[in-house]
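Chemist: In case you want the letters, here they are:
2 protein chains.
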Amino acid sequence: MPQVKVGLVGFGIVGAGVAEILINNSEIIKNRLGSEVVLKKIADLDINSDRGVKVDNRLFTTDAMEVINDPDIDIIIELIGGCDYAKEYILKAMENGKHVVTANKALLAQHGRLLFDSSEKYGVDIAFEASVAGGIPIIKVLREGLAANNIKEVLSILNGTSNYILTRMTKEGISFSEALSKARKLGYAEADPTLDIDGSDAAHKLTILISLIFGTPYHFDDVYREGIDKVLPLDIRFASELGYCIKLLAIARLIDGNIEARLHPTFVPSDHILANVINAFNALYIQGDFVGSTLFYGLGAGRRPTASAVVADLIDLGRNKISGAARRVLPLSFASPPEKELPIKPMDQIISEYYFRFSAVDKPGVLSKISGILGSNNISIATVIQKERESDSSVPLVMLTHEAREIDVKKSLELIDRLDVVVEKTVLYRVEKR
Amino acid sequence: MPQVKVGLVGFGIVGAGVAEILINNSEIIKNRLGSEVVLKKIADLDINSDRGVKVDNRLFTTDAMEVINDPDIDIIIELIGGCDYAKEYILKAMENGKHVVTANKALLAQHGRLLFDSSEKYGVDIAFEASVAGGIPIIKVLREGLAANNIKEVLSILNGTSNYILTRMTKEGISFSEALSKARKLGYAEADPTLDIDGSDAAHKLTILISLIFGTPYHFDDVYREGIDKVLPLDIRFASELGYCIKLLAIARLIDGNIEARLHPTFVPSDHILANVINAFNALYIQGDFVGSTLFYGLGAGRRPTASAVVADLIDLGRNKISGAARRVLPLSFASPPEKELPIKPMDQIISEYYFRFSAVDKPGVLSKISGILGSNNISIATVIQKERESDSSVPLVMLTHEAREIDVKKSLELIDRLDVVVEKTVLYRVEKR
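These protein sequence lines map, in sequence, to chains A and B.
With the first sequence counted from 1, adding 234 to any position gets you the working numbering.
With the second sequence counted from 1, adding 234 to any position gets you the working numbering.
In short, the hints are calculated from the structure, not lab data.
Note that the structure is a prediction, hence the values are computed from the model and not measured.
Cβ coordinates follow ideal geometry from the N, Cα and C atoms, glycine included.
A couple of the hints might just be wrong.
Here are a few chain A residues that face chain B, going by a calculated C-beta distance under 10 Å [what the hints assert, rightly or not]:
#1 G251
#2 R266
#3 G368
#4 L380
#5 V511
#6 V525
#7 V545
#8 P572
All chains should be built: construct the whole structure from the sequences, respecting the hints.
Modeler: As structure tokens, then:
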């Protein structure tokens, strides 16, 4: 029986999960592949800590290059994360003629073009299913399952930590910081949760998604992002009253030859299937021009779901090896790339519906002043809620708008926030209805 | 540029959709494949009706064999449905060395083994993404995306017509026959909806699913099935009161080396993500041992979603052709099949929670008699609802049970239905909580 020989670089949480699935599920993997997957070497700086999985001690080395330069190894799995060493290791592995599996979203979102070019130069595969949405096989779905479609739109929940925090805030009425503590206690948030909370993690994934959908490697900086740290229980309550919930949505959309690629807390109708994606789950709601609406849902992080995705890639590359079909599907799934690189629309130019919460003094004429400014900037109001005074100084005045241009919204809010009847910066959310 | 040359047998609704997507989306298909897909011939008995898609008239023939025997054609797409001619055509195409794409679930569920053996004999691919859940790329997900997992359980909604009817009954409180008329008017139900309503259609798909999950071709007769034609608004109301909705679930599950494969109307908790799959949508809720819970959702039928799946298969086989990698993934995704064919558990042996609605006369002692019989058959009651008398003769007495064995349930209900205080046959539903 032929063998697929694998070297693992990075033996942290996910690396240990990969070893575990290769051991526990060796039978089904062998049956599916028609070949044994043999873990030949594991490199990590720490080769002594117990990761809860039994691996032959002789496999370990602290020298990544020993794995990458081993002529006996077919496929390198890179799971160290970060951009410096990981990039160097992957490039060297490809130069050595090895295929690569990686879960490194930050690296792909910043150096995707370099990695893909190098894989072409050396005629090897680079697979990265685990880099987006963990266990959900969304890369395969986009590269293959929906390959006949022009993808019109993706609305997605790509960060489990943020989704868990927003779910707790919604269900329990607690503040962001209280919900964050809960997430920390349950291990859903890292000691330093910055990348989750500020939207960087999800924006890395969105960058990879738009690269796959539109066939050219985009860069992380192209994607607009806002995190969830400013979401208040008050706005979640108003959202609910209006028939919405607040989700951190990663949005990709093709409009008139331009791409929208943006990530921000968003109003989503409560009866939308994405509203039912709660706690640490991820999901992608994808519109194709023939397939219509689809949803792909699962765990976006964690040792076992991520290992499922990494080993799916291993099986894929193993099948390529056995069939002699390296690069059967190219990294972005385009064998002859689109003629034109589609531009990303500047945020000012997007058109959306909006939620505003004004903090206005309780005086006659306030509504008229505010709506006057909105009207003269082409923003038309769909719904207004004005509440009883809650504090001494101001009352919340809440509005949903019809479709408006972001630049007009910005201009209006600048003017409105300068009014003497408005006491705090106006709160804004974008609304997705589809 | 190389070409992938295709012959289409069957130019009905889906066939026309396939022609349409090959024309409309030729650019993205060519970009992804690195090759043109050329539709060389189309066979149908009716080559005159307008299908709303512009195809060169010279492609048409009324003789399927003219397509199947054309030495210039690489891939045959079979879309005529049914078991007789379709089987003959596919076998002949494979004998001629052609790869096959089919959407024919009935054929696969009844003659899968024969087709797969034949594809092995002639060294060709047979792809059937469109046979289960329409546009949802679930075959690819199971064969590849989740390939590293042992699949523990699938709970799925596989028939859009039934799901539409149950949704209307639930939302509007209308009867089965009223909801069926609506489905007919909107084109969600055929003139003869028998295969949808009696569960055959979904059971065909479930047969294919268990074949894929467990690696051996099962037969349609192995799968237990009940349709939705006996579902009453009354039970939907009780379900709702108890926190459930009624869905036609196709269930596959591995328990102690036995397979459960059954299809029946089922109580599903209202906060389960499957409860939010409404109208004509399909969805599969899949548990893998590493990936955890996943959901795949989309349109399970219709010209355009089905065409999306057929052409995904075309692209897959085209990629195989270009890479010289025919049979890179075998039909059931097992290169070395599992040693043991797992048996399907007889229905009597399943263990489930149950909903009962007894129609009992309103006399003292009734509850005691019924619960006595249940107790002496090892069935323990979790919840009871007894309502005010609604008609002259009887009151509904509703129970949810803890886990019980189906054979014990059958025995008990036989005894209970013979009691003189019970005036109608007891209504039973199985309950899924996970």
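Chemist: Decide, hint by hint, whether the structure agrees.
Modeler: Structure-based check of all given hints:
The closest approach between the C-beta of G251 (chain A) and any C-beta of chain B is roughly 8 Å, which is under the 10 Å cut-off, so the hint is satisfied. Using the Cβ-Cβ criterion of 10 Å, the hint placing R266 (chain A) at the interface with chain B is satisfied: the shortest such distance is roughly 5 Å. For G368 (chain A), the interface hint holds, the least distance from its beta-carbon to any beta-carbon of chain B being 8 Å, beneath 10 Å. Evaluation of the L380 (chain A) hint against chain B yields a held restraint, the C-beta minimum of about 6 Å falling below 10 Å.
Taking 10 Å as the C-beta cut-off, the interface hint given for V511 (chain A) holds, the closest approach to chain B being about 8 Å. Hint status for V525 (chain A): holds, given a least beta-carbon distance of 4 Å to chain B, under 10 Å. Checking V545 (chain A) against chain B: minimum C-beta separation of about 4 Å stays under 10 Å; hint holds. Because the smallest distance between the Cβ of P572 (chain A) and any Cβ of chain B comes to about 6 Å, under 10 Å, the interface hint for this residue holds.
In terms of the numbered hints stated before, the structure departs from none.
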